[in-house]
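**Q** Top line first, the protein sequences correspond to chains A, B, C and D. Just so you know, the UniProt record's numbering puts 82 at position 82 of the first sequence, and the rest follows in order with no gaps. Just so you know, the UniProt record's numbering puts 97 at position 97 of the second sequence, and the rest follows in order with no gaps. Just so you know, the UniProt record's numbering puts 133 at position 133 of the third sequence, and the rest follows in order with no gaps. Just so you know, the UniProt record's numbering puts 121 at position 121 of the fourth sequence, and the rest follows in order with no gaps.
Worth double-checking, as some hints may not be accurate.
[Said to hold, decoys possible] Derived list of chain A stretches under chain B, where covered just means 3 residues or more per stretch with a C-beta under 8 Å from a C-beta of chain B: (1) 25–36; (2) 142–156; (3) 223–234.
Read the hints as simulated data drawn from the structure, not as lab findings. Just so it is clear, the structure is predicted and the values come from calculations on it, not from any experiment. Glycine residues also receive a C-beta, built at the ideal position from the N, C-alpha and C atoms.
So the chains spell out like this:
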Amino acid sequence: MIGYVDTAPAPAATDALSLDVRGVQYSYPDGHVALRGVNLTVPRGERIALLGPNGAGKTTLVLHLNGILAGGEGTVTVGGLTVNRDRATLAEIRRRVGIVFQDPDDQLFLPTVAEDVAFGPANLGLRGAELAARVTDALDAVGMTEHRDRAPQHLSFGQRRRVAVATVLAMHPEILVLDEPSSNLDPAARRELAAILRGLPVTLLMVTHDLPYALELCDRALILDAGQIVADAPTADLLADTTLLAQHRLELPYGFQVQGRAPSYRIP
Amino acid sequence: MIGYVDTAPAPAATDALSLDVRGVQYSYPDGHVALRGVNLTVPRGERIALLGPNGAGKTTLVLHLNGILAGGEGTVTVGGLTVNRDRATLAEIRRRVGIVFQDPDDQLFLPTVAEDVAFGPANLGLRGAELAARVTDALDAVGMTEHRDRAPQHLSFGQRRRVAVATVLAMHPEILVLDEPSSNLDPAARRELAAILRGLPVTLLMVTHDLPYALELCDRALILDAGQIVADAPTADLLADTTLLAQHRLELPYGFQVQGRAPSYRIP
Amino acid sequence: MGAGHAHVLYRDRTSPVHRLPPEVKIAAMVAFTIAVVATPREAFWAFGGYAVLVVLVAAVARVGLRWLATRSLIELPFVLFAFALPFLGSGERITWLGLELSVDGLYGGWNILAKGTLGVLASLLLAGTTTMRDLLLGLDRLHCPQILTQIATFMLRYLDVLIGEARRMRVARISRGDDPRFLWQLRGFAAGLGALFLRAFERGERVYLAMVSRGYQGRMPEAWRDAGAATARHWLVAATVPLAATGIAAAALVLG
Amino acid sequence: METLAMHISNGIINGPVAAAFAALALVALALCVARGRQDLDDRLAPMAGLVAAFIFAVQMLNFPIFTGAVSGHLLGGALAAVLVGPWVGALCVAVVLIVQSLIFGDGGVAMLGLNITNMAILGTAVAYLLIALLLRILPRTVNGLAITAFVASVVSVLVASQGFVLQYWLGGTTDVGSSLGGLAGTMAGVHLLIGIGEGLITATTVVTVAKVRPDLVYALRSLRPIPAANPAPVGGGAR
Ligand SMILES: Nc1ncnc2c1ncn2[C@@H]1O[C@H](COP(=O)(O)OP(=O)(O)OP(=O)(O)O)[C@@H](O)[C@H]1O
Ligand SMILES: Nc1ncnc2c1ncn2[C@@H]1O[C@H](COP(=O)(O)OP(=O)(O)OP(=O)(O)O)[C@@H](O)[C@H]1O
Ligand SMILES: [Mg+2]
Ligand SMILES: [Mg+2]
């Protein structure tokens, strides 16, 4: 298991909002508009699912949360710090926000699994036994300890996905953003990941197409479609509204049903 | 929808077995053993799911089915043709077997989506209106028609996955092999893909971690673990045997249950 | 991998030159350059004539002269060499502004400057009006050995793979708290390059195998190769420029 | 100045000599095509493309030597020879030169024969001969491979640069008289530095590949894997 006890003293976080995204618009260089004014707030410690059809802009939004993409309209604030072009600010934001990319090949680049997992914490200044412990714990958590000395690009897709998750867990970020973490994982690994995530004292934003998984992990869910947030509600309520889901190419697997509360959550 | 009516005259297929894999062993160049003697037969027209934990060797097995990987022990026979090093045989086998790779980035390489989808059928010798129709149909089937002139690397992950499926559908293969086709697809796309696959008159082998999806599409399922086939049975029976599933890191999502028949199918 | 569609030098517009099949453009460009190189260096007027031809083609191709001028800076090193020659050259010398210069060297410098520049301009006109993929198609139709066009095709594709993998590695690093100004600051330039090479290879290998799975056998599909191949009319149209150049070169040789 | 030497532009060497070397290059390339075809299997085809792309890309990053005016770049002959063998290797370098001359005007089209002779043929051949020799003499370790790649790079760059001097002596359009010796010296000096840079890049790249995928290194194909301590089998890396 990942223990967060050994974390460095928490920065003086005066802001109760972990993430605050306001009016973010973004077009890719080829002119394709991906985000058309996204507003979204995530209070500290909440676990939120980000749902939406293919091409909705979920990944584009995720890449804004630590300043990898920027340059459109709007602001992104992370625990009070606003993403800008300043190197020091960006470095601090990237320390706080850990992103697991949708494609594990975007995440892994060092010659061995262990080195890759150690890379983030080493950049945070950890050394020696502490660093080793971080690596061991993270690899343990995703069940990849026995592969620690292998080359990441020689792993199976699902194994790479697990290592990708470990690289971010090892950094003990305050805010954990996962883009489709469960895809290509075997069912047991999926459940194990859910248990780990549930046990972490972090703010969590998880992009997923697996609605039952979202329900299992997150109390609140958002739907992003065509670059805008179109719904924001407790996950159970949201998943109970089949009309809404169907409008956005979402649906529960056959035979799966949820009891919702009041359908009063749609965004105008 | 994909219509197979315009297919070139079917080759004289005397063999009722579409796929016949015997004693296949394989080690990667770095010495890692991935397959330890796989035996497997797929009768013509059947739809079979290939299940198993991460790193079991599923992708490695898939890459053997059209001779991309070879050189270990054992033989692979496709509709009576045995995979060997002969160029003509290989070309014919690759005409028959269409593989959708686990990572769409491995599959797409041309400047536009439409060209990429046209690549396979054009290699088969199609041209003009017939080629255009193949492309249009395949893109329609996966709902990517409006993106036909975009660059594949500028699509979202799920959109790339759909195009990857289209590139293979357009070839009208006799045997369709899909490595995790539903991962990263939105739920509606997942259902639409299932409907398409169910409608195709092909032999189908589908690798997946989504057990309900396997049940929905395939009558028979195999479990591959540590490079060996460890179970082969009707999907419903197999999924009903929770002990067996648990031994191989498989499990049904919470709340999902299947009625099985007799537990008499385990491989010795 | 959007390889080979366009490259930095391609000017995306429509013009009669853009529409010409690539093989005739390549042939015309090569023939023009050979005519230029064969011209005696003393025939100053002939080089003026070539320059006029280049300007005419640029106008028809709707390629701006300023673009041509900036892009031709690539030959700056040759220009430096050309300016060094009057000092290095042997034989008869003249004095100009107090500098003692070799006459042969002056001619040599001019020769390199004029022929080099015209050659670069001709290449730029080809590059500006032809996509990389068409260029390869043209080479293929000119019966360039298949193994060469195959290597060239992959070269273009893997340039994209290299760039793509370099981008991925950069994103992977900055989002985990590293702050590199260059990709290779991790363990020195070369180590980063080695890692990038291996990574690009393994990606490229998988892409190649996926192509092979879809029936690729070393050449792009025939349907694509044949579409828009040159007709006799195309050859005639494109031949005007090298023919004019050959005329100039012949005249220059005869007139001495 | 060496950029010039390495990518000879139109007008530096006279027509007859350029034509003679074009013929020579054509014959040599034809041989490479014939031999390369047998080599180019499913494993080598992507590698050949990547080697060409890598040389192409790295040639874009000229590294300055002494001053900005003098800059040099990777020639790639040694890298190509180690990874894809002499035949396909020469073709890779030739492809880079052809594409660069066609679309960048980098190296005159009329001088292509000279450029191909120097960099693709001479550079790769010298590198491969050295590699074949050194891999037999040196211990079969990572260090041995690194030294091999390094030495082969330095020497092949030097030889390629002297190819230009020879061509200039035969058909330089301007008679530099006694300065020819000076030219040879300058070329050698500058290219020693370039060769060292190229050697470092080649050695690290090759070692990285050999550690993870020894099966991809053509020069090691008929040898035992690194770091086996055994002597080379008969008929080792030379073929
Ligand atoms: N590099 C790019 N260049 C241009 N357009 C892009 C690029 N990446 C994504 N897009 C476009 O932007 C839109 C949003 O893409 P994004 O990747 O954010 O979608 P997504 O919600 O993550 O989808 P998925 O569920 O398929 O991962 C899509 O329409 C996509 O085609
Ligand atoms: N290129 C490679 N080099 C070395 N070993 C490899 C390579 N690719 C896969 N392996 C190893 O071979 C085994 C089988 O891998 P494979 O990709 O076939 O698994 P898989 O069943 O497809 O898993 P997943 O569900 O995660 O996709 C794994 O242990 C993996 O680490
Ligand atoms: Mg996405
Ligand atoms: Mg797999």
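**Q** Taking the hints in turn, state whether each one holds.
**A** Evaluated hints:
Given a C-beta distance limit of less than 8 Å, the hint that chain B covers the segment 25–36 of chain A holds, as 3 residues qualify and 3 suffice. Only residues whose beta carbon comes within less than 8 Å of a beta carbon in chain B count, and the segment 142–156 of chain A has 5; three or more means the coverage holds. Only residues whose beta carbon comes within less than 8 Å of a beta carbon in chain B count, and the segment 223–234 of chain A has 0; fewer than three means the coverage is violated.
The structure is inconsistent with hint 3 alone, although it conforms to all the rest.
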